[in-house]
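Asks: Listed below, chain by chain, are the residues.
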Amino acid sequence: MTAQSNVLEKPNSSKNLIKYFIVLAVFLGALWLSFQNESPSKFPKEITDGFTFTAWVNDGEDYLKKNYRWITKIIASYIKEGYYFLEDFLIDSPWLLITAILFLPCLIAGGLRLGLYSLFVVYFWGAVGMWDESMQTLALMGLSVLLCVFFGVSLGVLCSQSDRFENFMKPILDTMQVMPAFVYLFPALFFFGIGGAPAILATMIYAMPPIIRLTNSGIRQVSKETIESATSFGSSKLQLLFKIKIPLSLPSIMMGINQVIMMALALVVLACFIGAEGIGGQVWLAIRNLDVGWAMEGGLCILFMAILFDRFSMSFSKDKETIPSDVQKFYLLPQSWEKFQIARILEKPLSFAHYIIKYICEKTTNLVGYVFKYLISLFNKDTAEEIGEFISKRYYLIPSFIVFFIIVLIDAFVVNIGSFPSEWKLSIRQPIADTVKSLTVNPSFIAFTKGLRAFVYLNLLRPLDTFLTHIPWWYTMGIFTAIGYFAVGLRFAFVTILLLLFIGACGIWTQSMITLSSVLVSVTLCFAVGVPLGIIASYNQRFRDILNVILDAMQTLPYFCYLIPVLMFFGGGTVSAVLATVIYSIPPIIRLTSLGLTQVSGSYSEVSRSFGGTLIQTLNKVKFPLAIPSLVIGFNQTVIMAFAMQIVTPLIGGKGLGLEVFNGLARSDTGRGLAAGIGIVLMAIIIDRISLAWTKKQRIALGLEKN
Amino acid sequence: MKLSKKISTLILSFVLILGTFSQANAKRLTAAVADWTGGEITCQVAVSMLEEELGYKVKRVVFPSGTGLWEAIAAGEIDFACESWPSYAEADTVMMKGPLVYDGKTMFNYEGDGSIELLGTTGIIGLSDYYIPRYAAESLGIKSWKDLNKHKDKFASIESGSKGRLIACPVAGWNCHDQKRLDLLGIDFQADELGTEAAAIAEAVAAYERKEPFLLYLWEPHWFFGAYDMVGVNLPAHKVCDSFTEANNWKDCGTAAWPATGWAKDYTFNYGNPETFAKAEHAKARAFFKKMKFDNADQAVMLVEVKQKNRDLKEVVKEWKDANPDKWRSWIPN
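Protein chains in written order, with my numbering: chain V, 1 to 707; chain S, 1001 to 1334.
No lab work stands behind these hints, which were simulated from the structure alone.
For each residue, glycine too, the CB sits at the ideal point set by N, CA and C.
Please note: incorrect hints may appear among the correct ones.
Straight-line alpha carbon distances no greater than 30 Å define the calculated DSS-like cross-link-like pairs of lysine-lysine that follow [to be verified]:
no.: 1; chain 1: V; residue 1: Lys80; chain 2: S; residue 2: Lys1309
no.: 2; chain 1: S; residue 1: Lys1293; chain 2: S; residue 2: Lys1265
no.: 3; chain 1: S; residue 1: Lys1279; chain 2: V; residue 2: Lys80
no.: 4; chain 1: V; residue 1: Lys73; chain 2: S; residue 2: Lys1284
no.: 5; chain 1: V; residue 1: Lys80; chain 2: S; residue 2: Lys1314
no.: 6; chain 1: S; residue 1: Lys1059; chain 2: V; residue 2: Lys66
no.: 7; chain 1: S; residue 1: Lys1059; chain 2: S; residue 2: Lys1290
no.: 8; chain 1: S; residue 1: Lys1293; chain 2: V; residue 2: Lys450
no.: 9; chain 1: S; residue 1: Lys1027; chain 2: V; residue 2: Lys425
no.: 10; chain 1: S; residue 1: Lys1163; chain 2: V; residue 2: Lys450
no.: 11; chain 1: V; residue 1: Lys450; chain 2: S; residue 2: Lys1251
no.: 12; chain 1: V; residue 1: Lys80; chain 2: S; residue 2: Lys1284
no.: 13; chain 1: S; residue 1: Lys1284; chain 2: V; residue 2: Lys437
no.: 14; chain 1: S; residue 1: Lys1152; chain 2: S; residue 2: Lys1265
no.: 15; chain 1: V; residue 1: Lys65; chain 2: S; residue 2: Lys1059
no.: 16; chain 1: V; residue 1: Lys425; chain 2: S; residue 2: Lys1279
no.: 17; chain 1: V; residue 1: Lys45; chain 2: S; residue 2: Lys1163
no.: 18; chain 1: S; residue 1: Lys1279; chain 2: V; residue 2: Lys65
no.: 19; chain 1: S; residue 1: Lys1027; chain 2: S; residue 2: Lys1291
no.: 20; chain 1: S; residue 1: Lys1027; chain 2: V; residue 2: Lys45
no.: 21; chain 1: S; residue 1: Lys1321; chain 2: S; residue 2: Lys1293
no.: 22; chain 1: V; residue 1: Lys425; chain 2: S; residue 2: Lys1321
no.: 23; chain 1: S; residue 1: Lys1154; chain 2: V; residue 2: Lys437
no.: 24; chain 1: V; residue 1: Lys80; chain 2: S; residue 2: Lys1143
no.: 25; chain 1: S; residue 1: Lys1057; chain 2: V; residue 2: Lys73
no.: 26; chain 1: S; residue 1: Lys1251; chain 2: V; residue 2: Lys42
no.: 27; chain 1: S; residue 1: Lys1284; chain 2: V; residue 2: Lys425
no.: 28; chain 1: S; residue 1: Lys1059; chain 2: S; residue 2: Lys1291
no.: 29; chain 1: S; residue 1: Lys1309; chain 2: V; residue 2: Lys73
no.: 30; chain 1: S; residue 1: Lys1321; chain 2: V; residue 2: Lys66
no.: 31; chain 1: S; residue 1: Lys1309; chain 2: V; residue 2: Lys437
no.: 32; chain 1: S; residue 1: Lys1097; chain 2: V; residue 2: Lys65
no.: 33; chain 1: V; residue 1: Lys696; chain 2: V; residue 2: Lys15
Some, not all, of what chain V presents toward chain S, calculated at C-beta under 10 Å [unchecked claim]:
no.: 34; residue: Cys272
no.: 35; residue: Tyr457
no.: 36; residue: Asp669
no.: 37; residue: Thr670
Model the full assembly from the supplied sequences, consistent with the hints where possible.
Replies: Structure, rendered in structure tokens:
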């Protein structure tokens, strides 16, 4: 309590004054120095010429290509084979079969509501004419999820069995999770070329950490009593693992699979940059053509797909709610509407249908079971018994397969079902494009967008750009090192120097400063918009609910979809790049502001109110200081996301390191692309570490965490 | 154990799906989608011939054009790409071997290592330059690029400050070296790379509607010239500079040669992976590429349909194909 009350009092003011004075002096020094320079500050030529990282990488690549390419080629060709197989199957099969394959599992696992939703999603893919592309994305995702689950669960089980292996994996998993997704694409490109195979491999690396962790922790959390009782019954170590531990940790593993699916979808879409097919490529083509409607269709396909798989995999890890037997079970409407007469009447036929389907399923399954049992019993009675029992237990599986089989038979012998009927097509491309066009020719709207563009560029972006690029490099480096030293410690200060030296020596200092400036401007704008929204959300429950739905949707979309709305209204250019970054990276700051404020609201704000503090005073003097750690975490996430976004902004005119990465890719200059990619990651890491250390200090100061 | 039941359901269904069906493999080729509309049309024409007349299944990959694409094709990851413009490709002299033949005449002889095969000219002849709208040329009296500096303030934008602004070659992989050219020629303009053709054209259209002067990098055939009245600034005639390569650290030849000059007249060609096209099963595809001869006028008509009337590219190509069988019948090998 003492530590907390300290914050409520005035902090030690003279010490603070000195601190502010030093910061001001450093800033003024930087300003003065930046005005001294006519042209952007450059790293000394001796260093950049001597440190030919780009050439080393390119030589290394040539060497690898010459000597080891055959290995990676074999791996890639196996994966490619599998991928082509799956893709051919999905695209060439009659569309009704694919629909059934998606619909029935959803119906069985998630009930009628999810089933209907899955039908809608499938319809949408076909209706907007992206059936083939959706199937390609599905194939890429399906294959990478399968591989991820297989390797992830195996590694997780290994981790749970050996502490040494867990300690070995932990730092690797940490690094894997800090890295932005696109970083994986480059090494994949480097080793496995372009196309579906490297996309799948990159996705595996990206999406595996959560399932490894969750499998590991799930197995480790199996209670001691259970294990003891199992051992006392004489089960061996392997038996214990496969019969007790893994089954008991299944909910945790399912949660891991859910995360794997979501992450895989995000990266598979992004993998269009290394030549993977699918919806991602369509969105990219649409952006290239400035076709907003087209891009929107692609974005919606991805969004619906993401929600479908999220709900589907969630339905496995969620417990089914039990309903008392005297209450009518609802299949379509929310159960809480049970009190309305009309809802009960509407649900009646559904219950009836459910009853009939269940009856048919049970009968057919038993029949099939019986037939198999009979056939096999001609050879071996015991196996027959087991198999018969196995089949007759699976009431859903067997009928599903019968449905698939019937569809295939109809397609082969009765009518050719073929691909999605083109009469059902429903293009929303033109209406969207027309709406946007009518808005963009509206004079007051033009004035608004132009004004915003000019304001952001003239008042924020250009001054910061010139400021950061014109400060001598050693000065900037010194500031970062000092911050690193005071916030984290001596060791980190050294690391900072090394990392920044690397960036400078690669000859990308100016570009990194441009990237830094657009990230800073984006983050500032995120704060300017996000914090007020967070405050409103913390006071208003309904607003918060609505906001949460929107933010959830925003976080499931892959990140270059955010280019679309910006492109619609603002056209291309550096300012548009900044605005797209803002839209992408704003969710964490809104969420964490509202979270931080609602967490402290309870007792403290009441105390403050009872002392006669006004709403503003309470917010300003009590809530904000206490919410700072949460805000800093929000800042931290926002910065990381803003850096990650830099990789796609060149598509709409962004500059800096992202453009370097693109140029590297287009010119086949792997070293250049890699250096710029690493540059983005390094800057993100430096800022991440500093802000995390600062949060920790704040939390300690607030007494929320022990030193 | 409900959960494990469901999981086994899932896994079993996957195994069964994978095991039961397998389709007969069609002949398959992978093509890169060009990143400018003209190229997309040429490619769609070639692809529709391969798919509809020769029984191929062509996968189209979105990949930025440039040396990266050339290397991907050499590595066999993509089988072919369409409508390469020689003066934009930097890898062509290094990677291709053999003559570039147009209309029976040899235009250029490549002496590279042969890791890329020149499949044949497309029939499209390209021209590139910097252009200004006619109203600006007349009111300001600009006759050639030498007059640009006098009026640079009229061409300035918020971003370019006191310099003029060139709506430059949008894609880095096209190797236009716009800023370098401007600097070498002493034109005090800033080259603004907007990332896509569509973005650059959108800027130009907006400026034209406001009747503002603007300097635009563009090429023919392009639909923009049909809709808007533009005049070229007559950059110095194309001349090759031997030292301007990555190996030489981009040492330019001053104002004597590229990139201080304009572009050459481009006899565009299709190119592909030599190993793929050496296979007997792809002999027909190879013969088709040798014979293909699309032309500027047809492409220009289709460009207007696709870009100005906003129609689906595949539809437009199909229409052309149905309406002009006499033009393409001769390309199809027997």
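Asks: Now tell me if each hint is right for this structure.
Replies: Hint check:
1. The suggested pairing of V/Lys80 with S/Lys1309 is violated, with an alpha-carbon distance near 39 Å, which exceeds 30 Å.
2. Of the pairs offered as hints, the one joining S/Lys1293 and S/Lys1265 holds, with about 17 Å between alpha carbons and a cut-off of 30 Å not exceeded.
3. Distance hint between S/Lys1279 and V/Lys80 is fulfilled; the C-alpha atoms sit about 20 Å from each other, no more than 30 Å.
4. Taken as a hint, the V/Lys73 and S/Lys1284 pair is honoured in the structure, with Cα atoms around 27 Å apart against an allowance of 30 Å.
5. Restraint check: the Cα-Cα separation between V/Lys80 and S/Lys1314 comes to about 27 Å, which is no more than 30 Å; the hinted pair holds.
6. For the given pair, S/Lys1059 sits about 27 Å from V/Lys66 by alpha-carbon distance, which is consistent with the 30 Å threshold.
7. Distance hint between S/Lys1059 and S/Lys1290 is fulfilled; the C-alpha atoms sit about 21 Å from each other, no more than 30 Å.
8. For the proposed pair S/Lys1293 and V/Lys450, the alpha carbon gap of about 46 Å is over 30 Å, so the pair is violated.
9. Simply put, S/Lys1027 and V/Lys425 have alpha-carbon atoms about 29 Å apart, close enough for the 30 Å limit, and the pair holds.
10. At most 30 Å may separate the alpha-carbon atoms for a hinted pair to count; S/Lys1163 and V/Lys450 meet this at roughly 20 Å.
11. Distance check on the hinted pair: V/Lys450 and S/Lys1251 sit about 40 Å apart at the alpha-carbon level, beyond 30 Å; violated.
12. This hinted pair checks out: V/Lys80 and S/Lys1284 have alpha carbons roughly 25 Å apart, not beyond 30 Å.
13. The hinted pair formed by S/Lys1284 and V/Lys437 fails the criterion: a straight-line CA distance of about 46 Å is larger than 30 Å.
14. For the proposed pair S/Lys1152 and S/Lys1265, the alpha carbon gap of about 28 Å is at most 30 Å, so the pair holds.
15. Of the pairs offered as hints, the one joining V/Lys65 and S/Lys1059 holds, with about 25 Å between alpha carbons and a cut-off of 30 Å not exceeded.
16. At most 30 Å may separate the alpha-carbon atoms for a hinted pair to count; V/Lys425 and S/Lys1279 exceed this at roughly 40 Å.
17. Taken as a hint, the V/Lys45 and S/Lys1163 pair is honoured in the structure, with Cα atoms around 28 Å apart against an allowance of 30 Å.
18. Using a Cα cut-off of 30 Å, the hinted pair S/Lys1279 and V/Lys65 holds, with the two alpha carbons roughly 23 Å apart.
19. Of the supplied pair hints, the one linking S/Lys1027 and S/Lys1291 holds, its CA atoms being roughly 20 Å apart against a limit of 30 Å.
20. Under the criterion of a C-alpha separation no larger than 30 Å, the hint pairing S/Lys1027 with V/Lys45 is inconsistent with the structure, at around 53 Å.
21. Proposed proximity of S/Lys1321 and S/Lys1293 is supported: the alpha carbons are some 14 Å apart, at most 30 Å.
22. A distance of roughly 24 Å separates the Cα atoms of V/Lys425 and S/Lys1321; the hinted pair therefore holds under the 30 Å criterion.
23. Among the hinted pairs, S/Lys1154 with V/Lys437 is consistent with the structure: their alpha-carbon atoms are about 28 Å apart, no more than 30 Å.
24. Distance hint between V/Lys80 and S/Lys1143 is unfulfilled; the C-alpha atoms sit about 56 Å from each other, more than 30 Å.
25. Taking the CA atoms of S/Lys1057 and V/Lys73, the gap is near 23 Å; set against the 30 Å cutoff, the hint holds.
26. With a C-alpha separation of about 20 Å, the suggested pairing of S/Lys1251 with V/Lys42 holds against the 30 Å cut-off.
27. For the hint linking S/Lys1284 to V/Lys425, the alpha-carbon distance of about 35 Å lies beyond 30 Å, and the restraint is violated.
28. For the suggested pair S/Lys1059 and S/Lys1291, the alpha carbons sit about 22 Å apart, so the restraint of at most 30 Å is met.
29. Between S/Lys1309 and V/Lys73 the alpha-carbon distance is near 44 Å, which puts this suggested pair outside the 30 Å criterion.
30. About 44 Å separates the Cα atoms of S/Lys1321 and V/Lys66, which puts this hinted pair outside 30 Å; it is violated.
31. For the given pair, S/Lys1309 sits about 14 Å from V/Lys437 by alpha-carbon distance, which is consistent with the 30 Å threshold.
32. For the suggested pair S/Lys1097 and V/Lys65, the alpha carbons sit about 22 Å apart, so the restraint of at most 30 Å is met.
33. The suggested pairing of V/Lys696 with V/Lys15 holds, with an alpha-carbon distance near 21 Å, which does not exceed 30 Å.
34. The criterion of a C-beta within 10 Å of any C-beta in chain S is met by V/Cys272, whose closest approach is roughly 6 Å, and the hint holds.
35. A distance limit of 10 Å between C-beta atoms decides the matter here; for V/Tyr457 the minimum to chain S is near 6 Å, and the interface restraint holds.
36. Annotation: interface hint on V/Asp669 holds; nearest CB of chain S at approximately 8 Å, less than 10 Å.
37. Taken as an interface hint, V/Thr670 checks out: its beta carbon lies about 9 Å from the nearest beta carbon of chain S, inside 10 Å.
The earlier numbered hints that this structure contradicts are 1, 8, 11, 13, 16, 20, 24, 27, 29 and 30.
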